[in-house]
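Use the sequences and the hints to build the structure in full.
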Amino acid sequence: MINKVVANAKEATQGVESGMTMMFGGFGLCGIPENVIQAVVASGVNQLTCISNNAGVDDFGLGFMLQTKQIKKMIASYVGENDEFERQMLSGELEVDLIPQGSLAERCRAGGAGIPAFFTPAGFGTEVAEGKEVREYNGKPHILETALTADFAFVKAWKGDEAGNLVFKGTARNFNPMMAMAGKTTVAEVEELVPAGELDPNEIHTPGIFVQRIFKGETFEKRIEQRTVRAKQ
Amino acid sequence: MALDKIGIAQRIAQELRDGWYVNLGIGIPTLVANYIPEGVNVEFQSENGILGMGPFPFEGEEDADLINAGKQTITNLPGAVYFDSATSFAMIRGQHVQLTVLGAMEVAQNGDIANWKIPNRMVKGMGGAMDLVASADNIIVAMMHTNKKGESKMLKECTLPLTGVGCVKRVVTNLAVLDIVEGGFKLIERAPGVSVDEIKNATEGNLIIEGEIPEMSL
Numbered sequence: 331m332i333n334k335v336v337a338n339a340k341e342a343t344q345g346v347e348s349g350m351t352m353m354f355g356g357f358g359l360c361g362i363p364e365n366v367i368q369a370v371v372a373s374g375v376n377q378l379t380c381i382s383n384n385a386g387v388d389d390f391g392l393g394f395m396l397q398t399k400q401i402k403k404m405i406a407s408y409v410g411e412n413d414e415f416e417r418q419m420l421s422g423e424l425e426v427d428l429i430p431q432g433s434l435a436e437r438c439r440a441g442g443a444g445i446p447a448f449f450t451p452a453g454f455g456t457e458v459a460e461g462k463e464v465r466e467y468n469g470k471p472h473i474l475e476t477a478l479t480a481d482f483a484f485v486k487a488w489k490g491d492e493a494g495n496l497v498f499k500g501t502a503r504n505f506n507p508m509m510a511m512a513g514k515t516t517v518a519e520v521e522e523l524v525p526a527g528e529l530d531p532n533e534i535h536t537p538g539i540f541v542q543r544i545f546k547g548e549t550f551e552k553r554i555e556q557r558t559v560r561a562k563q
Numbered sequence: 020m021a022l023d024k025i026g027i028a029q030r031i032a033q034e035l036r037d038g039w040y041v042n043l044g045i046g047i048p049t050l051v052a053n054y055i056p057e058g059v060n061v062e063f064q065s066e067n068g069i070l071g072m073g074p075f076p077f078e079g080e081e082d083a084d085l086i087n088a089g090k091q092t093i094t095n096l097p098g099a100v101y102f103d104s105a106t107s108f109a110m111i112r113g114q115h116v117q118l119t120v121l122g123a124m125e126v127a128q129n130g131d132i133a134n135w136k137i138p139n140r141m142v143k144g145m146g147g148a149m150d151l152v153a154s155a156d157n158i159i160v161a162m163m164h165t166n167k168k169g170e171s172k173m174l175k176e177c178t179l180p181l182t183g184v185g186c187v188k189r190v191v192t193n194l195a196v197l198d199i200v201e202g203g204f205k206l207i208e209r210a211p212g213v214s215v216d217e218i219k220n221a222t223e224g225n226l227i228i229e230g231e232i233p234e235m236s237l
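These protein sequences, in sequence, are chains A and B.
Going by the numbering used here, the first sequence opens with residue 331, and the numbers climb by one from there.
Going by the numbering used here, the second sequence opens with residue 20, and the numbers climb by one from there.
Simulated from the structure, these hints should not be mistaken for lab results.
Don't take every hint at face value.
Below are the PhoX-like pairs computed for lysine-lysine, each with C-alpha atoms no more than 20 Å apart in a straight line [as the list claims (entries may be wrong)]:
#1 A:Lys403 to B:Lys143
#2 A:Lys470 to B:Lys188
#3 A:Lys402 to B:Lys175
Here are the simulated distance ranges between beta carbons [unchecked claim]:
#4 B:Gly73 to A:Glu423: 21 to 29 Å
#5 A:Ala443 to B:Ser236: 49 to 57 Å
#6 A:Glu423 to B:Gly98: 42 to 50 Å
#7 B:Pro138 to A:Gly527: 49 to 57 Å
#8 B:Met20 to A:Glu533: 36 to 44 Å
#9 A:Ala443 to B:Gly98: 24 to 32 Å
#10 B:Lys219 to A:Gly461: 35 to 43 Å
Since the structure is predicted, the reported quantities are computational estimates derived from the model, not experimental observations.
All C-beta atoms in this analysis are idealised placements derived from N, C-alpha and C, irrespective of residue type, glycine included.
Written as structure tokens, this is what we have:
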């Protein structure tokens, strides 16, 4: 067993530098690495390229790193919940590359799987296809999308063991497994950190080979973005 | 009388068939889940990673780790499954999902759709919409026939940046059910009490009218 455990978010983010490319798992605020985000904010690095499906909200998630202007470029599929983001984008302070959600997921997966590029029908005939090779397969046009990798991938899991094996809960899985694969250094923060051997190998979602550092998150707020309920009958 | 959002959702629910996996977009499409016809079993897929999505939770039972693509708290139904985003879009691109229902700002008579961007005004991103419209065999658009100024959203050509080309098969609006066919929008049904002339006046694209047009039954 190769032990990947580090003490905390600060230790887990050793080596982050200005100008790096970083992936952040999560969908909306669900399954985001809350503790690492605070550590990256505290580190003061800037000029970052961040890859994440969303950009947080004004006062949570990647929104913190927008407030501190640490992000130079954002690669995402949907950024509609964040006024500061919109302001920085429309004023030209922030570079933004919006890409279809399925292409974003597959580009991360491909990056981790050693596939440099692939053809997809998503985005053909739209702004997304500008400058991209088009090829027809089965009578249908497809565009060439390239793989994404990152200096650091930051993911969040429910449970993890000392070997870096991860189990996710509910829809908090989302982009985390693919980003774990695509990071040169992948850091996992977990709610429960257990000794090797405690997780059932049949039920592990992300094998520890994709994870270089793991730690138990200090605190998890797990903020809900849209609280929708129904009345009890 | 023109339909409201619930009426549009009720009419689209009539399109559901037993055994289908269905992806519902944000807004009116989400409401379709409330009107599944008797005897029809469908499963709802949400692209953030769940099949077998259930209704909103009871108050106090919300789980931050269980949301839909609109980031709303949800529940799961027996037989539900969670998966990662790459698997989710494999289901979508691989055409394992039988029906996609989504909203739009504009639809053109050749099946083009625009729903993700208003240049210099609103840039939220396309989310999963481009993957969905490029892949699904069966796409129904739920929308209002005209905008707040009364201008048609059923156009000869889209004016906004496209989400997908030639992909829409059917549109259900507050006024009508329209199919995209060679040459334009074919009028299939009228909303209760709405005349063919009203629909004609609200449609900028070419409207094809053949024979008597029946009223929707809701």
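Tested hints:
1. A:Lys403 to B:Lys143: Measuring from Cα to Cα gives roughly 16 Å; hence the hint holds.
2. A:Lys470 to B:Lys188: holds (17 Å)
3. A:Lys402 to B:Lys175: The hint is violated at about 40 Å.
4. B:Gly73 to A:Glu423: 21 to 29 Å: For Gly73 (chain B) and Glu423 (chain A) the Cβ distance comes to about 42 Å; the hint is violated.
5. A:Ala443 to B:Ser236: 49 to 57 Å: holds (51 Å)
6. A:Glu423 to B:Gly98: 42 to 50 Å: holds (47 Å)
7. B:Pro138 to A:Gly527: 49 to 57 Å: For Gly527 (chain A) against Pro138 (chain B), whose Cβ atoms are near 56 Å apart, the range 49 to 57 Å holds.
8. B:Met20 to A:Glu533: 36 to 44 Å: Since the Cβ atoms of Met20 (chain B) and Glu533 (chain A) sit about 54 Å apart, the hinted range of 36 to 44 Å is violated.
9. A:Ala443 to B:Gly98: 24 to 32 Å: holds (30 Å)
10. B:Lys219 to A:Gly461: 35 to 43 Å: holds (41 Å)
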